[in-house]
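Colleague: Generate coordinates for the entire structure from the input sequences, incorporating the hints supplied.
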Amino acid sequence: MYSTNHLNDRGAFQQIELMVQREARDRCPVGCCSLSVSLEPCVHDIVSDLWQSSRITAFIPVIALRQIGDCIRAGTCDPGDRR
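According to this note's numbering, the sequence shown is numbered sequentially starting from 4.
No wet-lab data here; the hints were simulated from the structure.
Backbone N, C-alpha and C define an ideal beta-carbon position, used for all residues, glycine too.
Any given hint might turn out to be false.
[Unchecked claim] Cβ pair distances, simulated, as ranges:
#1 SER37 x GLY14: 14 to 24 Å
#2 LEU21 x GLN55: 12 to 22 Å
#3 ILE59 x CYS35: 25 to 35 Å
#4 ILE59 x SER37: 26 to 36 Å
#5 VAL33 x ALA77: 16 to 26 Å
#6 GLY78 x ASP12: 13 to 23 Å
#7 GLN55 x GLY34: 17 to 27 Å
#8 SER56 x GLN18: 31 to 41 Å
#9 GLY34 x PHE62: 17 to 27 Å
#10 GLU26 x GLY78: 15 to 25 Å
#11 SER39 x GLN18: 31 to 41 Å
#12 ASP12 x GLY34: 18 to 28 Å
#13 ARG25 x ASP73: 14 to 24 Å
Modeller: See the structure below:
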């Protein structure tokens, strides 16, 4: 399942989260997007959910960005609105 080296797992998780944060900020700039204030916790929640449920981490950024796009279009990051 997941590697036993938690430091590597944590580092990989953080790298993915930062990558998704950067792209999400590009898609939802401060002042131009209703989610800009809550974007960071939204990205964290999405990446965390995917990280815990996925066996293949290579696709997490793509899936997370798709879900963030859905949140931006919906104007909310409510988990019920992401599905």
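Colleague: Does each hint fit the structure? Answer for all of them.
Modeller: For each hint, the structure was consulted:
1. SER37 x GLY14: 14 to 24 Å: violated (32 Å)
2. LEU21 x GLN55: 12 to 22 Å: Between LEU21 and GLN55, where Cβ atoms are some 18 Å apart, the hint holds.
3. ILE59 x CYS35: 25 to 35 Å: Cβ of ILE59 to Cβ of CYS35: about 34 Å, so the range 25 to 35 Å holds.
4. ILE59 x SER37: 26 to 36 Å: holds (32 Å)
5. VAL33 x ALA77: 16 to 26 Å: Holds - the Cβ-Cβ distance for VAL33 and ALA77, about 19 Å, lies within 16 to 26 Å.
6. GLY78 x ASP12: 13 to 23 Å: Check failed, 33 Å falls outside 13 to 23 Å.
7. GLN55 x GLY34: 17 to 27 Å: Violated - the Cβ-Cβ distance for GLN55 and GLY34, about 33 Å, lies outside 17 to 27 Å.
8. SER56 x GLN18: 31 to 41 Å: At 19 Å between Cβs, range violated.
9. GLY34 x PHE62: 17 to 27 Å: Violated, at about 32 Å.
10. GLU26 x GLY78: 15 to 25 Å: Because 18 Å falls inside the window, the suggested range holds.
11. SER39 x GLN18: 31 to 41 Å: For SER39 and GLN18 the Cβ distance comes to about 23 Å; the hint is violated.
12. ASP12 x GLY34: 18 to 28 Å: violated (36 Å)
13. ARG25 x ASP73: 14 to 24 Å: holds (18 Å)
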